[in-house]
Amino acid sequence: MPASDHALDPVLRKRPRLVAVGGGKGGVGKTFVVANLAAALARTGQSVVVVDADLEGANLHTALGVGSPRASLADYVARREDDVGKLASDTAIPNLRLIAGTQANLAEAQPSEERREQLLEALVRLPARFVLIDLGAGNHAALIDYFLAADDGIVVLTPEPTSVENAYAFLRAAFYRRMRRCLEQPAVRRVIAEAMDQRNERGIRTPLDLLREVQAIDPRAGAAYLAAMARFRPSLVVNEVRTAEEIKLGFAVKSVCRKYFGIDAEYLGYVNHDEAARRSVLARRPLVELMPGSDAAVYLERIARKLADPARLATQAAPDTA
Amino acid sequence: MRPLAEQDHYEVLEVARDASFEDVERAYRVAQATYAEDSLALYSVFGGEDAEVLRERIELAWSVLSDVERRRAYDVLLARGGASPQATPVGFRERFSAGGFEDEPAPAPRASAPPKPLAPLSPLRAPERLRPLAVEALEPVDAHEDLSDGELDGAALRRARTRRGLDLEQIAGVTKINPMYLRCLEEERFEDLPSPVYVRGFLVSYLRCCGIDPASAVPGFMARYETIRSAGKKARPPGRP
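In order, the protein sequence lines correspond to chains W and Z.
In terms of my numbering, the first sequence is residues 774 to 1095.
In terms of my numbering, the second sequence is residues 27 to 267.
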């Protein structure tokens, strides 16, 4: 059955939609965005599980006003608990459950590749309509794997060079990881590895230029490369927008993604810089619940509506299997 | 999707082959701003030389696609290359780097007017330089999305405006309405506005600027206006600029 049928029909669609939110840089508001998108979806009556996969600063529970959690993802990683569903705890918001992040013990924080795959398989078997993963900062392979496996991979950025730089670095890491995974020929993998070095001797300037090199090695590999490109559709959310002009950053980054990676990113929306957002963080409650009339809440709800829009889901390809 | 060196003018500006002149112009404006020197969106991906090549390609694409005759000749050239998106005129890269298309008609003896020069939009970093009357040049957005958030109130007007990339002074510049009155509309300070006939007029101009069909939006807003005015109370939205 085509993926679009699943997306359209809630009865046929057995598994929840997986949404991963990353972006490379810390402090751009990933946790704020995840908490609010989850709360906004839950408030429309959809069952939602949020997962805190932030390896180094897990605090999604705080954003949702949940006290220090007893069970966390660490229990799954360390194989103390094999049922991910048992790690989920209720929040103050109906329909919204939380799988808290790893506390303190960094040695346990990064699951093996095998365990990551098991985790992803378990997450999509949870009884929920949406599973949202807060990836936290950085480009660790585990985070990239969650991002690539998600139905919606969202990159959060702010209108600052540091954030833009890290967002591209994150996308580049995800792009090349996907390509390496799809293309197994040693000669092709070698040229991809070379291209990853920006000062490579072949003169490959962009991941899009690399396409020609791959096609030259083997037309079939070229076709696979193109197909993988077409299926890589990250979404962009620009946070902390202060001027009307800064809203355009999303369109600009989308265009650069086309020219640089050759991919069609989606500008999912923006969230304005809002004093109300700060107040909601201090109150440890999602903004969409605390001050639903504030501009930032309206923008967040708009993004949540897009995530759940059946018309949008129908146009999307199925994600990579983990 | 093809490497830049092999992309045709339509791909460079990211428009469809049957795009209208207005769409092409809008896309050109967006590309100009996106690939301007110091554009935030280029940071860490397209450095000096690469960005320069992109800018040259964008200017070349605009010079051809904005001129009716050159565009027609170019379309013929593209059609000759085949309908498939992969069918690139052979040796594109070489000819491009040599400074143009030999298949293209020479630009000198053109009968049509040369493309009208466009003032560049401000790059993303310099909001204060955004020119008024750039309304049509901005990325098209679904302004009706703002209406779907619920009742059209002053805050929704403001969101529709910011989504369109406009500040109040720009709307004032286009509509010749005192920005103070526009602000009163957004903040629903109806007691500070002149008679309802004027309010309706302001509203219609404001909506047109934001790309919203007045016919669908005016009745709801005016009903709200009447309710608030007859209740004789201020209904200020949570205040932000």
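Misleading hints may appear alongside valid ones.
Interface residues of chain Z toward chain W, partial, derived using beta-carbon atoms under 7 Å [as the list claims (entries may be wrong)]: (1) Y69; (2) V71; (3) L192.
If you want the ones that stay clear, here's a sample from chain W, every Cβ over 12 Å from chain Z, calculated [stated by the list, open to error]: (4) R853; (5) A940; (6) Y941; (7) R951; (8) E974.
It should be emphasised that the hints constitute simulated quantities derived from the structure, not laboratory data.
Positions of the beta carbon are idealized from the N, C-alpha and C atoms, including for glycine.
Okay, the hints, checked on the actual structure:
For Y69 of chain Z, the shortest C-beta to C-beta distance to chain W is roughly 5 Å, which falls under 7 Å, so the interface hint holds. At a threshold of 7 Å, the smallest CB-CB gap from V71 of chain Z to chain W is about 5 Å, leaving the interface hint in force. Because the beta carbon of L192 of chain Z sits about 6 Å from the nearest beta carbon in chain W, less than 7 Å, this interface hint is met. Residue-level check passed: R853 of chain W sits 41 Å from the nearest beta carbon of chain Z, beyond 12 Å.
Look at A940 of chain W: its CB is around 9 Å from the nearest CB on chain Z, not clear of 12 Å, so calling it non-interface is violated. Once the 12 Å rule is applied to beta carbons, Y941 of chain W is inconsistent with being away from chain Z; the minimum gap is 5 Å. Every beta carbon of chain Z lies more than 12 Å from that of R951 of chain W, the smallest distance being close to 15 Å; the non-interface claim holds. Listed as outside the interface, E974 of chain W is consistent with that label: its C-beta sits roughly 17 Å from the nearest C-beta of chain Z, beyond the 12 Å cut-off.
Hint violations for this structure: numbers 5, 6, all remaining hints satisfied.
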